[in-house]
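Got chain X sorted already, so can you dock chain B onto it with the hints?
Chains as they are written, first to last, in my numbering: chain X, 1 to 92; chain B, 1 to 228.
Calculated from the structure, these hints are not laboratory results. It should be emphasised that the depicted structure is a prediction, and the values quoted were computed from it without experimental measurement. For every residue, glycine included, the Cβ atom is placed at its ideal position computed from N, Cα and C. One or more of the hints may lead you astray.
Which stretches of chain X does chain B cover? Using the computed rule of at least three CB atoms under 8 Å from a CB of chain B, they are [said to hold, decoys possible]:
| # | region |
| --- | --- |
| 1 | 31–43 |
| 2 | 75–83 |
Which residues of chain X face chain B? A partial, calculated answer using Cβ under 10 Å [said to hold, decoys possible]:
| # | residue |
| --- | --- |
| 3 | Gly9 |
| 4 | Glu10 |
| 5 | Met11 |
| 6 | Ala27 |
| 7 | Leu47 |
| 8 | Thr48 |
| 9 | Ser50 |
| 10 | Trp51 |
| 11 | Glu62 |
| 12 | Ile66 |
Distance condition first, Cα-Cα at most 30 Å in a straight line; then the derived DSS-like pairs of lysine-lysine [claimed, not checked]:
| # | chain 1 | residue 1 | chain 2 | residue 2 |
| --- | --- | --- | --- | --- |
| 13 | X | Lys72 | B | Lys56 |
| 14 | B | Lys190 | B | Lys180 |
| 15 | B | Lys88 | B | Lys165 |
| 16 | X | Lys33 | X | Lys72 |
| 17 | X | Lys67 | B | Lys165 |
| 18 | B | Lys130 | B | Lys207 |
| 19 | X | Lys60 | X | Lys26 |
| 20 | B | Lys130 | X | Lys83 |
| 21 | B | Lys129 | X | Lys72 |
| 22 | B | Lys189 | B | Lys130 |
| 23 | X | Lys60 | B | Lys88 |
| 24 | B | Lys88 | X | Lys7 |
| 25 | B | Lys153 | X | Lys7 |
| 26 | X | Lys83 | B | Lys25 |
| 27 | X | Lys86 | X | Lys72 |
| 28 | B | Lys153 | B | Lys56 |
| 29 | B | Lys180 | X | Lys67 |
| 30 | B | Lys153 | B | Lys130 |
| 31 | B | Lys207 | X | Lys60 |
| 32 | B | Lys180 | B | Lys165 |
| 33 | X | Lys4 | B | Lys220 |
| 34 | B | Lys220 | X | Lys72 |
| 35 | B | Lys207 | X | Lys83 |
| 36 | X | Lys7 | X | Lys67 |
| 37 | X | Lys72 | B | Lys87 |
| 38 | B | Lys56 | X | Lys83 |
| 39 | B | Lys207 | B | Lys220 |
| 40 | B | Lys180 | X | Lys83 |
Now for the letters of each chain:
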Amino acid sequence: MVVKLYKFGEMLISRPSGREAYLSAKAYLFTGKVGEIEFDFDGVKVLTPSWIDEFVSLLKSEYPSIKVTFRKSDNPTVISSLKMIKPSASSF
Amino acid sequence: MTLVKSDLFRRYNKGRLVYYKLNIKSPLYQALKILMKKNISRNKDLISEGFSWLTKSSPAKISESVYCQTSDIFRARLEFFGNHLEKKVGTDAYLLTAIAGEIGNNSFDHNLGRWPGIPGIYFAYDEEKKIIALADRGQGIYKTISRVVPKVKDDKEALNIAFTKYISGRSPEKRGNGLKFVVENIRNKKWHLSFYSGRARLTINSKGLLEIEDFMRNIKGCFAVIRY
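Next up, chain X with everything else stripped away, as it sits in the complex (with noise of 0.2 Å):
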């Protein structure tokens, strides 16, 4: 499955938010059998390593076996946000 981060906003940058948003994946994206996320980062402006951590280990607590993957983007705050996270992310 594909989750188009810009469908929750161009600037993607608190934890409240980042919550926010992967309650509502939860309830309106992840419904049937899901083994694989890729997250597209089209259309997104900013991206913070607080959004974006706590959408991704709120989703690997919840589903300890999915495989997530992140496309690749040339947005710098994409790129520095994903490499900030990579410590607490070495599963992904």
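Just chain B now, with coordinates in the frame of chain X:
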């Protein structure tokens, strides 16, 4: 006499009061207008204003345009700032928004429900001088870090842990990436950061050098100044 005839510059007498009237179409009027605007802008020093709000025991009420009482207000202003700045500096605006977002949201995340005094943050920017300032009157870095590292000895060590180690003041929650993100991007872009908390100041200069030193004043809370 010539000036009066051309309606460029007229002198009026009313009792002891003497005043002048300028033709608004004249170059003199335009020059004065620009000069006055510059003076107003120079007087509005957002760093002094932030420090004043932060350090006074009963600070004067600051403008609603720079005071964000809740994270929702901060988020809305930050998005406006990011979109506005994008027109001037392109994609650097995304990084600056993310950096300011991490610092500002940290203030809310670590003080929510336990603000010692005035809740919320000061968030101001000057696009001409290329400065962003954020301040909170919260617990400060030392108090937050000492919850998870009880042996932290002073403000300087607390700042070092906060900005360079993957550890969070909200342990056991797995957090603690935000300020490392700030450091990396300030360095990569050769921008400048000054961050004050307690009696310590952390600076990252345009050569990427990170230094933590004693600061003469006691900042109860945090104050960040980003120059880009």
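So, going through the hints one by one against the coordinates:
Requiring three or more residues with a Cβ within less than 8 Å of a Cβ of chain B, the coverage given for the region 31–43 of chain X is violated, as only 0 such residues are present. Counting residues of the region 75–83 of chain X whose C-beta sits closer than 8 Å to any C-beta of chain B gives 6, which meets the bar of three, so the coverage hint holds. Because the beta carbon of Gly9 of chain X sits about 9 Å from the nearest beta carbon in chain B, less than 10 Å, this interface hint is met. Among the interface hints, the one on Glu10 of chain X holds; its C-beta lies about 8 Å from the nearest C-beta in chain B, closer than the 10 Å criterion.
Taken as an interface hint, Met11 of chain X checks out: its beta carbon lies about 5 Å from the nearest beta carbon of chain B, inside 10 Å. Checking Ala27 of chain X against chain B: minimum C-beta separation of about 22 Å lies over 10 Å; hint violated. With a cut of 10 Å, the hint placing Leu47 of chain X at the interface with chain B holds, because the nearest CB-to-CB distance is about 7 Å. Satisfaction of the interface hint for Thr48 of chain X is found here, the shortest Cβ-Cβ separation to chain B being roughly 5 Å, below the 10 Å cut-off.
Using the Cβ-Cβ criterion of 10 Å, the hint placing Ser50 of chain X at the interface with chain B is satisfied: the shortest such distance is roughly 5 Å. Proximity of Trp51 of chain X to chain B holds as hinted, the smallest CB-CB distance being about 9 Å (cut-off 10 Å). Residue-level restraint check for Glu62 of chain X is violated (minimum Cβ-Cβ distance to chain B is 14 Å; threshold 10 Å). The interface hint given for Ile66 of chain X is violated, since its Cβ lies 17 Å from the closest Cβ of chain B, which is over the 10 Å cut-off.
With a CA separation close to 48 Å, the supplied pair Lys72 of chain X and Lys56 of chain B exceeds the 30 Å bound. Taking the CA atoms of Lys190 of chain B and Lys180 of chain B, the gap is near 15 Å; set against the 30 Å cutoff, the hint holds. In summary, the hint linking Lys88 of chain B to Lys165 of chain B is not supported, as the alpha carbons are separated by about 34 Å, beyond the 30 Å threshold. Between Lys33 of chain X and Lys72 of chain X the CA atoms are separated by roughly 25 Å; this keeps the pair inside 30 Å, and the hint holds.
About 28 Å separates the Cα atoms of Lys67 of chain X and Lys165 of chain B, which keeps this hinted pair within 30 Å; it holds. Proximity of Lys130 of chain B to Lys207 of chain B is assessed by CA-CA distance (about 18 Å); at most 30 Å being required, the pair is judged to hold. Simply put, Lys60 of chain X and Lys26 of chain X have alpha-carbon atoms about 12 Å apart, close enough for the 30 Å limit, and the pair holds. Distance restraint check for Lys130 of chain B and Lys83 of chain X: the Cα-Cα separation of roughly 27 Å lies within the 30 Å cut-off, and the hinted pair is therefore satisfied.
Straight-line distance between C-alpha atoms of Lys129 of chain B and Lys72 of chain X comes to about 34 Å, which puts the hinted pair past the 30 Å bound. With a C-alpha separation of about 14 Å, the suggested pairing of Lys189 of chain B with Lys130 of chain B holds against the 30 Å cut-off. Restraint check: the Cα-Cα separation between Lys60 of chain X and Lys88 of chain B comes to about 39 Å, which exceeds 30 Å; the hinted pair is violated. A C-alpha spacing of about 26 Å is found between Lys88 of chain B and Lys7 of chain X, which places the hinted pair at or below 30 Å, so the restraint holds.
The hinted pair formed by Lys153 of chain B and Lys7 of chain X fails the criterion: a straight-line CA distance of about 45 Å is larger than 30 Å. Between Lys83 of chain X and Lys25 of chain B the alpha-carbon distance is near 57 Å, which puts this suggested pair outside the 30 Å criterion. The suggested pairing of Lys86 of chain X with Lys72 of chain X holds, with an alpha-carbon distance near 15 Å, which does not exceed 30 Å. Proximity of Lys153 of chain B to Lys56 of chain B is assessed by CA-CA distance (about 26 Å); at most 30 Å being required, the pair is judged to hold.
Distance hint between Lys180 of chain B and Lys67 of chain X is fulfilled; the C-alpha atoms sit about 26 Å from each other, no more than 30 Å. Only pairs whose Cα atoms come within 30 Å are accepted, and Lys153 of chain B paired with Lys130 of chain B is rejected, the gap being roughly 35 Å. Proximity of Lys207 of chain B to Lys60 of chain X is assessed by CA-CA distance (about 38 Å); at most 30 Å being required, the pair is judged violated. Between Lys180 of chain B and Lys165 of chain B, the direct Cα distance comes to roughly 8 Å. Compliance with the 30 Å bound is thereby established for this hinted pair.
In summary, the hint linking Lys4 of chain X to Lys220 of chain B is not supported, as the alpha carbons are separated by about 41 Å, beyond the 30 Å threshold. For the proposed pair Lys220 of chain B and Lys72 of chain X, the alpha carbon gap of about 42 Å is over 30 Å, so the pair is violated. With a C-alpha separation of about 22 Å, the suggested pair Lys207 of chain B and Lys83 of chain X falls inside the 30 Å cut-off, and the hint holds. Between Lys7 of chain X and Lys67 of chain X, the direct Cα distance comes to roughly 21 Å. Compliance with the 30 Å bound is thereby established for this hinted pair.
Of the supplied pair hints, the one linking Lys72 of chain X and Lys87 of chain B holds, its CA atoms being roughly 25 Å apart against a limit of 30 Å. Between the alpha carbons of Lys56 of chain B and Lys83 of chain X the distance comes to roughly 40 Å, so the proposed pair goes past 30 Å and is violated. For the suggested pair Lys207 of chain B and Lys220 of chain B, the alpha carbons sit about 29 Å apart, so the restraint of at most 30 Å is met. With a C-alpha separation of about 11 Å, the suggested pairing of Lys180 of chain B with Lys83 of chain X holds against the 30 Å cut-off.
In this structure, the earlier hints numbered 1, 6, 11, 12, 13, 15, 21, 23, 25, 26, 30, 31, 33, 34, 38 are contradicted, and the remaining ones agree with it.
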